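Enquirer: Residue numbers (this note's numbering), protein chains in the order written: chain A, 196 to 430; chain B, 196 to 430.
No wet-lab data here; the hints were simulated from the structure. Source: prediction; values computed, not measured. Possibly wrong hints are sitting among the right ones.
Which copy is meant is left open, so a pair is good if it fits within one copy or across any two.
Unchecked claim - In silico lysine to any residue, SDA-like type, Cα no more than 20 Å apart, as pairs:
(1) Lys292 <-> Gln366
(2) Lys222 <-> Gly395
(3) Lys271 <-> Ile319
(4) Lys271 <-> Asn312
For reference, the chains in residue letters:
Number of protein chains: 2
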Amino acid sequence: MMEKTSIGWQKQPSKLNIQGEIERAIKDITGEEVELIASGRTDAGVHAIGQVANFKTSSKLPIEKFPIAINSKLKKSIRIQNAEEVEERFHSRYNCKEKTYRYIINNSMQGSAIYRNLEYFIPIKLDVEAMKQAIKHFEGEHDFKGFKASGTSSKSSVRKIYKTQIKQENQRILIELTGNGFLYNMVRIIAGTLVDVGLGKIKPEEIEDIINSKDRARAGKTLPPYALYLVEVKY
Amino acid sequence: MMEKTSIGWQKQPSKLNIQGEIERAIKDITGEEVELIASGRTDAGVHAIGQVANFKTSSKLPIEKFPIAINSKLKKSIRIQNAEEVEERFHSRYNCKEKTYRYIINNSMQGSAIYRNLEYFIPIKLDVEAMKQAIKHFEGEHDFKGFKASGTSSKSSVRKIYKTQIKQENQRILIELTGNGFLYNMVRIIAGTLVDVGLGKIKPEEIEDIINSKDRARAGKTLPPYALYLVEVKY
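Could you put together the complete structure from these sequences and hints?
Expert: Written out as structure tokens, the structure reads:
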């Protein structure tokens with residue numbers, strides 16, 4: 196499990212990326228050119244605090260030493276939290292059973308200076324009870340075609356959401372979604388749609404219809420990535 | 196009450212500072228050149244999330260509109276949380292009864308990527324029970340001459356600490372001190388001394404003697420400012 200902030204996962208030429216940075220650190224430690232496979236990509240700016248990735252190595256370094264060794268070669272915006280040995284055919288992406296994302300909204304009057312890059316600030320008081328009703332309509336298997344970035348191709352836009360939750364912690368609203376997978380921008384669009392519910396622009400009972408319409412224009416806007424956290428990946 | 200991050204309070208020529216920034220914003224709103232008086236200075240890098248400051252104005256703008264108006268003229272690293280009218284002779288510094296500071300230690304194995312600039316990371320497991328015993332010895336009125344930055348002049352180094360507390364939240368250790376005032380670097384040196392206790396370098400029962408020695412060399416090191424929060428100021 197690793198934790199990273201503000202940088203996209205996938206290798207991109209001449210851009211800072213998590214995959215490339217960790218592969219370079221592993222090479223520094225083991226001398227090997229490895230391919231690091233994550234549970235999936237994260238958009239640039241999303242905090243992948245529960246990301247999981249695997250690689251193959253012949254290194255004799257004890258497994259429990261890997262986090263400290265790799266972290267010593269990484270910038271502090273990327274931290275390996277834990278390492279464990281897995282069977283050879285383990286694959287972080289293919290074997291992934293479920294992922295949990297969290298979107299953090301600061302719904303205070305003035306926002307926070309300190310966490311300004313870690314949460315989405317909206318000063319207009321949201322109707323959290325309506326949002327709690329609305330989020331339940333996302334549970335189950337749906338075609339989320341209307342909840343992905345327009346122009347992105349992916350074979351199927353059907354995904355299953357196992358669990359949804361909205362928590363309130365003082366003036367913060369935490370939106371949590373657990374599913375078998377999420378489309379590009381999907382959580383950020385769901386969060387944007389729930390904010391519209393909180394603002395009274397969309398009624399909770401309209402959500403089902405909006406999902407079934409498969410129409411991106413009927414869902415809410417894509418909220419910014421810096422308030423989104425990939426918190427857990429399960430196998 | 197305001198919240199700010201990473202910038203020292205006091206006006207310094209050609210440096211970003213909270214006082215100057217807010218005075219400029221107030222001038223943008225009211226047209227008046229005001230003098231903003233805070234409860235006290237904070238070191239550069241300390242997060243003054245509970246700072247209180249006052250100024251005099253003849254503006255007809257309703258008091259409840261001030262935070263929004265001033266925030267609209269400030270960079271997002273400075274946020275006014277609240278504003279209220281006080282009697283004319285109120286003085287944020289002279290009338291201050293007590294202040295509460297919090298120092299946040301991340302005592303996990305690998306630290307956090309996301310909060311790396313908001314907490315002090317120490318991977319060696321600290322003995323929190325010993326730290327809890329030790330912090331009690333700071334309570335009461337003491338001459339804290341050994342717990343201030345060397346070379347700083349101030350009339351008296353006697354301060355009274357009303358309340359101390361160490362909280363554990365998962366892998367974080369929160370050190371909290373409430374007192375009638377704190378010397379320059381005092382909380383950061385107390386936190387450094389408590390870390391030495393947690394590491395077994397200093398015994399809890401030695402604290403009293405270290406305070407009484409008034410010897411800066413016997414206290415722990417000055418921990419970095421970015422993990423320190425001025426959380427509350429009371430009148």
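Enquirer: Give me the numbers of the hints this structure contradicts, sorted from smallest to largest.
Expert: 1 and 2
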